[in-house]
Amino acid sequence: MDSLSTSEQREFQNIVERRQMRDFMTMYSNLVQRCFDDCINDFTSKAVSTKEETCVNRCVDKFLKTSERLGQRFAEQNQAMMQQGGMGGGK
Amino acid sequence: MTSVSPPPPPPPPPPPLPPKVAAGNPAFVAMGLPRLRAKLPSRNWTIFLTVCTAIGSIVAYDRYHTKLVKRKWINLVSHLAAQPLEPMALPRKVTVYLSAPPGDGISAAREHFRDYVKPILNAAAVDFDVIEGRKMGELRFKVAEAIRGERRGDEDGPVEEVRKRAGIVRKEEGGAVVVGRHAWKEYLRGIQEGWLGPLETPPPPPPAPAAPVERVEKLEDAVAEKPEEPVDPKALEEEEKRKKNAIPEPLLKAGEFSKAGLPKEMPAFLEPVGVISFPHILGFLNTPIRMYRYVNRRHMADEVCREAAAVALGIHRPFITAPDPVGTLMEAAEVEGGLEAGKEVEEINTLEVEEADWPKRVWKEEKYKGEWTEPLTVDTRFRSKLRRFFIPTDMEPKEKQVNKGD
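Which chain is which? The protein sequence lines are A and B, in order. Start counting at 1 in the first sequence, then tack on 215, and there's your number in this note's numbering. Start counting at 1 in the second sequence, then tack on 117, and there's your number in this note's numbering.
Hint data in this document are derived by calculation from the structure and do not stem from the laboratory. Possibly wrong hints are sitting among the right ones.
Pairs of lysine-lysine, DSSO-like flavour, derived with a Cα cap of 30 Å [to be verified]: (1) LYS481/B - LYS370/B; (2) LYS370/B - LYS502/B; (3) LYS280/A - LYS210/B; (4) LYS277/A - LYS235/B; (5) LYS277/A - LYS288/B; (6) LYS281/B - LYS277/A; (7) LYS351/B - LYS280/A; (8) LYS502/B - LYS376/B; (9) LYS210/B - LYS277/A; (10) LYS360/B - LYS259/B; (11) LYS252/B - LYS376/B; (12) LYS515/B - LYS235/B; (13) LYS484/B - LYS351/B; (14) LYS358/B - LYS484/B; (15) LYS361/B - LYS252/B; (16) LYS360/B - LYS484/B; (17) LYS361/B - LYS280/A; (18) LYS259/B - LYS361/B; (19) LYS280/A - LYS281/B.
According to the in silico footprint, chain A covers these stretches of chain B (three or more CB under 8 Å from chain A) [stated by the list, open to error]: (20) 263-276; (21) 463-475.
C-beta atoms are modelled at their ideal positions from N, C-alpha and C, and glycine is treated no differently.
Please model the complete structure; the sequences and the hints are all you need to start from.
Next up, the structure:
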């Protein structure tokens, strides 16, 4: 990061931000897709029933918690792989 | 004139017909079953089918009840898996110690663990790490090395580092699962060596001083040097290989445990342990015993799964040891015997029956002299620190009520 000049750093920041935004939107759409498919099954009524409402709440909750946990596990394994790769490359 | 011959004698009545034989097997007819054309099998076939069915049903009965037994213990612990876990929390983790039984390979131990212990641990969502030992002494070395690493304060691996940084910590106490008496002996040696022994391998002693060299010079005149040279390179190679694969010598021998001092960082209690029985017998002449065990796995499964469920539940207590012989009034001989560090009593000396299964060569051959053949000894200071998992009486599984009539 220090090798880039200020304008380049800003560019980098922008790219990273846009990437993160995109990932966030993808995750959001996955979440909506999944929870809608699993929770809302009855289209005889327009209103969202209490059962469906609860289901949706739980779905979002679990999805986000799982995503957080998966991210943590991924970071750990990534670190392990990088260390191994670093050691293997260093040899 | 017509001679009146006597009328011809009436034709003899037709002989009485034999009673009508009913079509179909008389046995079926007698039972009132439809008159099929089927035949019952012959005597020989009957014998054959009876024997086959008997053997098959004995085995099937045993396997069915083994499954029921496993299910019973799984149901006892499955409530643990349903408990919620925060996203940044880690489940409970135990360490499993497997060692190849004497005379066999590590697969025997692995399969025993996989078939009877692992389903219970999985049902309770208890994570586990397996540490294996292929030869005698390997498990002891790994256990001792792990403890020494902990005492030294060695760096954890990358995964642990990331977790520490993120502040993720395992809240629940872990534990150890030791499968088999041979592994139990090695485990006990290992923890004592790890805690009582030195942290670093002492430097090798200087090569043998000049004294032997002088003697060799004198003997050289008498003994010809010929056999040495052609054998040399091969023998050296083999020695090298053996040295590389050899398990390092223990840093503290068992005889010196009582002399060594407890380190400052010694915890008050060691990790609780579950000792799993691992019946394992080899030998052609032992075939009847093996056949009996083959059709009685349900009893073995009950014992093993009970221990595994105790580990999964996580409740532990100290080992029951005999009361201190010095305090009570005992005969002189008994007191002497009890004061020997060698005698180990009660629960720590569990699974002694397994030693009868070990092949005889373990007791005779030189290469098996060591952890397995020596009696199980635990230093007095450690006896109170060891803890074992158990199932409290109120958590025992309820036996199904069998209605035997009034």
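Hints versus structure:
1. LYS481/B - LYS370/B: It holds: about 21 Å lies between the C-alpha atoms, which stays within 30 Å.
2. LYS370/B - LYS502/B: Holds, because 20 Å separates the two Cα atoms, which is no more than 30 Å.
3. LYS280/A - LYS210/B: Roughly 21 Å separates the two Cα atoms, so the pair holds.
4. LYS277/A - LYS235/B: Given pair LYS277/A, LYS235/B holds - Cα atoms ~28 Å apart, limit 30 Å.
5. LYS277/A - LYS288/B: 22 Å, holds
6. LYS281/B - LYS277/A: 24 Å, holds
7. LYS351/B - LYS280/A: The given pair, whose Cα atoms are some 62 Å apart, is violated under the 30 Å limit.
8. LYS502/B - LYS376/B: Satisfied, since the Cα-Cα distance of roughly 18 Å is no more than 30 Å.
9. LYS210/B - LYS277/A: At roughly 23 Å apart (the allowed maximum being 30 Å), LYS277/A and LYS210/B satisfy the hint.
10. LYS360/B - LYS259/B: Holds. LYS360/B to LYS259/B sits at ~17 Å (cutoff 30 Å).
11. LYS252/B - LYS376/B: Since the Cα atoms of LYS252/B and LYS376/B sit roughly 28 Å apart, the hinted pair holds (cutoff 30 Å).
12. LYS515/B - LYS235/B: 22 Å, holds
13. LYS484/B - LYS351/B: 22 Å, holds
14. LYS358/B - LYS484/B: 17 Å, holds
15. LYS361/B - LYS252/B: Answer holds: LYS361/B to LYS252/B is near 14 Å, not above 30 Å.
16. LYS360/B - LYS484/B: 14 Å, holds
17. LYS361/B - LYS280/A: 48 Å, violated
18. LYS259/B - LYS361/B: 16 Å, holds
19. LYS280/A - LYS281/B: Holds - the C-alpha atoms of LYS281/B and LYS280/A are around 20 Å apart, at most 30 Å.
20. 263-276: holds (count 3)
21. 463-475: violated (count 0)
Of the numbered hints given earlier, the model fails hints 7, 17, 21; all others are met.
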